[in-house]
Amino acid sequence: MIDAVERIFNLALHFIHASRPVTAEEIRSEVAGYPSDQDDLAFARMFERDKDDLRLAGLAILFDEEYQSYSLDRTATFAVHVDLSDEEAASIRVAGSALLEDPSFPFETDLRLALAKMAAETDTERWPSASRLADENPESQGTVVSTLSRAAETRKRVSFDYTNSSGRSAPHGIEPFGLFLHDGRWYLVGRDTSLDEIRTYTVDRMTSIVAHSRAPKTPDFERPADFDVASFVRQSFQYGPAETEFETEMRFSPASAWRAVPLAAGHGTLRQDGDEVVWVVPARSRTELIRFIVENGPGIRLVRPADLARDLSTRLREVEALHG
Amino acid sequence: MARKASTSERARRTIALLGHLKPDTRIPLEDLARLVGTSASDLAQDLTALSMCGVWPYDPYALFPVVIEGSDVVVFGDMPALRGPVRLSASEASALATALQAVGFDAADPLTSRLLAAASAGFDAASVENSLRSMIATHDRGVYETLAKAVEDHVVVAIEHMRPGGEESTTREIEPVALFTERSAWYVTAWCRLSGSWRTFRVDRIRSSVATNERFAARARSSDASGAFTAEGLPLARLRFSPGVPFIPREWPGGRVVEQETDGSLIAEVPYAGTPWIARRILARVGVVEAVGPPEVRTAVRDLAERTARELG
Numbered sequence: 000m001i002d003a004v005e006r007i008f009n010l011a012l013h014f015i016h017a018s019r020p021v022t023a024e025e026i027r028s029e030v031a032g033y034p035s036d037q038d039d040l041a042f043a044r045m046f047e048r049d050k051d052d053l054r055l056a057g058l059a060i061l062f063d064e065e066y067q068s069y070s071l072d073r074t075a076t077f078a079v080h081v082d083l084s085d086e087e088a089a090s091i092r093v094a095g096s097a098l099l100e101d102p103s104f105p106f107e108t109d110l111r112l113a114l115a116k117m118a119a120e121t122d123t124e125r126w127p128s129a130s131r132l133a134d135e136n137p138e139s140q141g142t143v144v145s146t147l148s149r150a151a152e153t154r155k156r157v158s159f160d161y162t163n164s165s166g167r168s169a170p171h172g173i174e175p176f177g178l179f180l181h182d183g184r185w186y187l188v189g190r191d192t193s194l195d196e197i198r199t200y201t202v203d204r205m206t207s208i209v210a211h212s213r214a215p216k217t218p219d220f221e222r223p224a225d226f227d228v229a230s231f232v233r234q235s236f237q238y239g240p241a242e243t244e245f246e247t248e249m250r251f252s253p254a255s256a257w258r259a260v261p262l263a264a265g266h267g268t269l270r271q272d273g274d275e276v277v278w279v280v281p282a283r284s285r286t287e288l289i290r291f292i293v294e295n296g297p298g299i300r301l302v303r304p305a306d307l308a309r310d311l312s313t314r315l316r317e318v319e320a321l322h323g
Numbered sequence: 000m001a002r003k004a005s006t007s008e009r010a011r012r013t014i015a016l017l018g019h020l021k022p023d024t025r026i027p028l029e030d031l032a033r034l035v036g037t038s039a040s041d042l043a044q045d046l047t048a049l050s051m052c053g054v055w056p057y058d059p060y061a062l063f064p065v066v067i068e069g070s071d072v073v074v075f076g077d078m079p080a081l082r083g084p085v086r087l088s089a090s091e092a093s094a095l096a097t098a099l100q101a102v103g104f105d106a107a108d109p110l111t112s113r114l115l116a117a118a119s120a121g122f123d124a125a126s127v128e129n130s131l132r133s134m135i136a137t138h139d140r141g142v143y144e145t146l147a148k149a150v151e152d153h154v155v156v157a158i159e160h161m162r163p164g165g166e167e168s169t170t171r172e173i174e175p176v177a178l179f180t181e182r183s184a185w186y187v188t189a190w191c192r193l194s195g196s197w198r199t200f201r202v203d204r205i206r207s208s209v210a211t212n213e214r215f216a217a218r219a220r221s222s223d224a225s226g227a228f229t230a231e232g233l234p235l236a237r238l239r240f241s242p243g244v245p246f247i248p249r250e251w252p253g254g255r256v257v258e259q260e261t262d263g264s265l266i267a268e269v270p271y272a273g274t275p276w277i278a279r280r281i282l283a284r285v286g287v288v289e290a291v292g293p294p295e296v297r298t299a300v301r302d303l304a305e306r307t308a309r310e311l312g
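Top line first, the protein sequences correspond to chains R and A. Using numbering that gives the first Met the number 0, read the first sequence as starting at 0 and increasing by one per residue. Using numbering that gives the first Met the number 0, read the second sequence as starting at 0 and increasing by one per residue.
If you're looking for bench data, these hints aren't it; they were derived computationally from the structure. Hints are not guaranteed to be accurate.
Calculated lysine-lysine pairs in the DSSO-like style (CA-CA distance at most 30 Å, straight line) [as the list claims (entries may be wrong)]:
| hint | chain 1 | residue 1 | chain 2 | residue 2 |
| --- | --- | --- | --- | --- |
| 1 | R | Lys-216 | A | Lys-3 |
| 2 | R | Lys-50 | A | Lys-21 |
| 3 | A | Lys-3 | A | Lys-21 |
| 4 | R | Lys-216 | R | Lys-50 |
| 5 | A | Lys-3 | R | Lys-50 |
Take the sequences, apply the hints, and build the full model.
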């Protein structure tokens, strides 16, 4: 009996070689590997699985409803050359190597195959990189994000038990819209079906995650058309109740002005004022704002709110006295 | 024991290698196996299966001209029907886009759009980015590219580096050996010619990087250059957390609570590699965390508090 992998290769070659669209019956009789004594339903299931595997491998298989026939979109299937500078190619290889070793990167297999197709030699003798996008339970976060990402992509509901920051645990049913990485943690954004609210959940606080598997090719929900997970990614001082929001102004000194763009990360507005850069941005947490300024200093000065700037100054003097 | 690959996985990894199987070549099996993350023996089994495949009527000229000879894969003719490497599937393109995002190339970056347009037909990186955000890099992409190229070519790089906790920058020559990410930043592991030691530099604190023409010889690996942050062998700072202030382990890597005082304060021991780092973390809690010792940490916190207050005016 022919190995299943042989059958899939033969099917791939048949699609590639065919000069015209082919029907399932032609495939059944001409492609080596489909048992001759197989009933119609079993063949249909096997053929469906094989096509899914080939699509997963990158083959663009088209189906013509009218003629009930299949063909390969050659332009969409075969790679075209892309010019990369030496630096760009090196960046992809080096970053790829680092992330392939990172257990919290959720798409290890897909990334490895992508790099292999691009002839990007990622595993030549390299220094161990010890990369970790997520710092807590990286293996577990990587696995869970892979599951949740697949559910978000196919619009399938998920359920899990969630322990909140107060230590309370409860089951949740979610329509997963998107995921983001922030400060060493993966987060899920989705609609909580029992609350009918869009909420953000820390992936590392989830247990017993189940992605609904009934009717895998039929979506359970639609994601809002204007959804963009980036709008949920904020600076640490921008999390908190909306009613606590205030506007803050910080100034980067001339020596630190070059850090303004990366540190602002697209939040708020930046403008040049002489040799300094002024950053105006909404905030919700005074404590986290102070922490941000001190941890990323020196060279960042809080201007507004003025009372917070005065308070910070007073408290710094108290810290100085405490350690005197 | 390694998990047995599914039929789907075996097919995918072999198809991913088709572009490497060029006519009249001999390729070490190990090299190909490493590319797709499998063992040489498993890949040999898949390529043997491939050698039995072809197109109707399955005569010798219509089969894959691949044979395993010892530890090599030998391709002795043209591939039947194939036109070259297969493009990325949607999930592969999505994984690549996520990896590129993590290193600072977002969907709008010319590299991402050029690469993914060529690698995968109809793939929309911006759409993926709307539902998956792995962007953590705050470094200059030019700095990263120079370092990545230097890692591969073993070339000395001159960097302008802003030291942690200071606005002053130093120019130094480094021999970069690896780039890695930890939590929210990328780091480069390098032999620093200025300090004469292995050092780890945060890439977003490198203001500029220029590759020199000088190649460096490989140095013996050292645990100092592992790339991973380790608490082993580091001095410990003793910190007091005010009553009601929790000790959050991930904010103090390698640290632990060692006692609780009668007023509810927690005493924790936290390893530190340099006083600027630990002093800044303590100061950022503005008064709710106190450095109990050693004296060098207390002094560093005091001096930093004084300097920061003065800057604020």
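Status of each hint after checking the structure:
1. At most 30 Å may separate the alpha-carbon atoms for a hinted pair to count; Lys-216(R) and Lys-3(A) meet this at roughly 26 Å.
2. Distance hint between Lys-50(R) and Lys-21(A) is fulfilled; the C-alpha atoms sit about 26 Å from each other, no more than 30 Å.
3. For a cut-off of 30 Å, the pair hint linking Lys-3(A) to Lys-21(A) stands: about 28 Å separates their Cα positions.
4. For the given pair, Lys-216(R) sits about 14 Å from Lys-50(R) by alpha-carbon distance, which is consistent with the 30 Å threshold.
5. For the hint pairing Lys-3(A) with Lys-50(R), the CA-to-CA distance comes to about 22 Å; that is within 30 Å, so the pair holds.
Of the numbered hints given earlier, the model fails none.
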